[in-house]
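Chains as they are written, first to last, in my numbering: chain A, 1 to 199; chain B, 1001 to 1466.
One or more hints might be untrue.
To be verified - Every beta carbon over 12 Å from chain A, so not counted as near; a handful from chain B, in silico: (1) 1012; (2) 1058; (3) 1094; (4) 1144; (5) 1222; (6) 1232; (7) 1353; (8) 1436; (9) 1445; (10) 1447.
Stated by the list, open to error - Incomplete in silico selection of chain A near chain B, CB under 8 Å: (11) 4; (12) 8; (13) 38; (14) 63; (15) 65; (16) 130; (17) 131; (18) 132; (19) 144; (20) 159; (21) 172; (22) 175.
None of these hints come from the bench; they were simulated from the model.
Values in this document were obtained by computation on a predicted structure and should not be read as measured data.
For each residue, glycine too, the CB sits at the ideal point set by N, CA and C.
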Amino acid sequence: MSDPKIDSGKRTWIIASGCAGAVGVGFAAVPFVGSFQPSERARAAGAAVEADISALKPGEKMTVEWRGKPVWIIRRTPEQLAELPKVDGLLADPKSARKPDELTPLYARNEGRSIKPEVLVVVGICSHLGCSPSDKFTPGAQPSLPDTWAGGFLCPCHGSTFDMAGRVYKNKPAPDNLEVPPHMYLSDTRLIIGEDKKA
Amino acid sequence: MATYKEAPPDATAPQKLLNWVDNRFPLSKLYNEHLGEYYAPKNFNFWYIFGALAMLVLVIQIVTGIFLVMHYKPDASLAFASVEYIMRDVPGGWIIRYMHSTGASAFFIVIYLHMFRGLLYGSYRKPRELVWIFGCGIFLALMAEAFMGYLLPWGQMSYWGAQVIVNLFAAVPFVGPDLALLIRGDYVVGDATLNRFFSFHVIAVPLVLLGLVAAHIIALHEVGSNNPDGIEIKAKKDARGIPLDGIPFHPFYTVHDIFAASIFLMIFTAVVFFAPEGGGYFLEYNNYIEANPLKTPAHIAPVWYFTPFYSMLRATNDLMVNVLCAVLGVAGVLGIVKGGFGAKGKLALAIAAIVGVVLLKAFDAKFWGVVVMGGAVIILFFLPWLDRSLSKSIRYRPSWHAYVYGVFVFFFLVLGYLGAQPPSDVGNYVSQIGTFLYFGFFLLMPWWSRMGTFKPVPDRVTFAAH
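All chains, full assembly: derive it from the sequences and hints.
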């Protein structure tokens, strides 16, 4: 036990076999870590969904599920549209310039973030931590909102606010605007979400 | 290697049996080291019951958990109904479930008080650093356990709480979204997430927890318990090598702890029978609604034991990041002017401060919120090296130190209260102040803990026989 002489040849082999063992454990870990990834079934889910907006009245919102997430379709009133440019100065990203490829398709990079000015289509998931914001369409003072509230959405989790185009207000936890999903009109009243005409 | 010991010829049958076992397994040795001849300071007070109570709650959680798993279904389409089935149709199911849900809150009450005791009497100071670190590991494992367990009933709060916490990981720059995907196992919180959280909650984390509890106790029994005077009792021993101020754990402290356990169980069962929801704090009302991925409840808050940290997360917005930049700048300037570093040290400090500010501005406030929330827990691990006061125990520190602790505890409670409330501007400013005080308490500890006039620490523990 207390022999001070070290057999360096033996020690080299011990280290080498230890390293070989570690490499083996590393390879054995691959399938286990890999199993954390989404399964093939989860990957396959996520087809485009159709929505009929003929019954949607101005000022109303409908929700459809796409890839497990809520997608909101809102027919905005002319008053709500008129408010949009007025709040530009209060917004973090009024021109949808941040991460445009992920959040705002080319055809929605406008003031209303929509193809048709009145119809807004956004994924109703806050860009902060994934809660679904609540509707706060009525303008004016109310709890958790400023007195000059122009109408929009309030995230109940951390208080982020969004305007009627899903654009986030400044100095809020959420960094980005709400995502506009790829979508297109099949007819005047039929929308498909999850697909668009690729330019 | 011990040689085989023969039992004395006049030994009784039980003594012979014990001798037979002791020659094959160190039963008497373990009993003596941890109970019969473990000498604990004789001046323990009320604050010293929470370690034993934490063990009791751990046992309650494990036993009730085993029985819940017999009836629960970890499937997104069945989970919510299976919990209701346990509550309504399984004989005795309701009480087992309420014991488990109340136990979770009781666990955190006991652990927070146990940690506060450590803070009061400097129980983390040399040579008990590892006892404290294993304890912080237990706290972290417990948080993971509680969080994953909370998803299992698959109610609205379960779902949206998990959604928020998993998305915290997505805020990490570069690898975040992939990391969140690995945790969820799907693009949204769903069946895959529920199943893996179930696996972690019932087997993986409890195993880690038990290992850490064993390490915590082994380390404690190696160095010996601290006491309200913060005096090392091992420094004064009698002729037999037994600490003069020590008494064997059994029977003295087993009686003490059994008495505490009786009182605790009265309160615990009162909650289980009369207020199992704890006024909406132990079991949130929204969790009696099945998870709906399309609708977040109007008011969402984590369970009470996470709310102080949740407040800190919410407090971190762009304003907070700007203030942090300013604090970093001031700290850098102060360090350069007053720190007494050499030219290289000053340059390094200036560069570090500038890099810090650049990083703060480069990433979203969202990411820093996550860092603040995680940092608030991680900073506890460093406490043994942050506290540099001359006396371990609050009893012999300058009197004003008690007020520092008072302010710390007060703001921790305020943060906890605000975290359970809907977001508001005033609440947010108060949370920001609270966050600064929380971190200030720890990060400035190397300085403030040495200031003031310390009182003389006695040689022997203060103890009046009762």
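Hint check results:
Annotated as non-interface, residue 1012 of chain B keeps its C-beta farther than 12 Å from every C-beta of chain A; the closest such distance is 41 Å. Interface exclusion of residue 1058 of chain B from chain A stands, the closest Cβ pair being 28 Å apart, more than 12 Å. Here residue 1094 of chain B stays apart from chain A, with its beta-carbon at least about 30 Å from theirs, past the 12 Å limit. Taking the minimum C-beta to C-beta distance to chain A, about 16 Å, the non-interface status of residue 1144 of chain B holds against the 12 Å cut.
With a minimum CB-CB distance of about 24 Å to chain A, residue 1222 of chain B clears the 12 Å threshold, and the non-interface call stands. Against the 12 Å criterion, residue 1232 of chain B stays outside the reach of chain A, whose nearest CB is about 33 Å from its own CB. For residue 1353 of chain B, the shortest C-beta to C-beta distance to chain A comes to about 24 Å, beyond the 12 Å cut-off, and the non-interface label holds. Interface exclusion of residue 1436 of chain B from chain A stands, the closest Cβ pair being 18 Å apart, more than 12 Å.
A cut-off of 12 Å between C-beta atoms confirms that residue 1445 of chain B is not in contact with chain A; the least separation is 29 Å. Every CB of chain A is more than 12 Å from the CB of residue 1447 of chain B (nearest about 32 Å), matching its label as outside the interface. For residue 4 of chain A, the shortest C-beta to C-beta distance to chain B is roughly 24 Å, which exceeds 8 Å, and the interface hint is violated. Below 8 Å, beta-carbon pairs count as interface contacts, and residue 8 of chain A has none with chain B, the closest being about 30 Å; its hint is therefore violated.
For the restraint placing residue 38 of chain A at the interface with chain B, the shortest Cβ-Cβ distance is roughly 5 Å, inside the 8 Å limit, so the hint holds. The interface hint given for residue 63 of chain A is met, as the beta carbon of that residue sits about 6 Å from the closest beta carbon of chain B, less than 8 Å. At a threshold of 8 Å, the smallest CB-CB gap from residue 65 of chain A to chain B is about 6 Å, leaving the interface hint in force. A cut of 8 Å between beta carbons decides the hint on residue 130 of chain A: the least distance to chain B is about 4 Å, and the hint holds.
The beta carbon of residue 131 of chain A comes within 4 Å of a beta carbon in chain B, closer than 8 Å, and the hint placing it at the interface holds. Checking residue 132 of chain A against chain B: minimum C-beta separation of about 4 Å stays under 8 Å; hint holds. With a cut of 8 Å, the hint placing residue 144 of chain A at the interface with chain B holds, because the nearest CB-to-CB distance is about 6 Å. For the restraint placing residue 159 of chain A at the interface with chain B, the shortest Cβ-Cβ distance is roughly 3 Å, inside the 8 Å limit, so the hint holds.
Taken as an interface hint, residue 172 of chain A checks out: its beta carbon lies about 6 Å from the nearest beta carbon of chain B, inside 8 Å. Here the hint on residue 175 of chain A is kept, as its CB sits about 4 Å from the closest CB of chain B, short of 8 Å.
Of the numbered hints given earlier, the model fails hints 11 and 12; all others are met.
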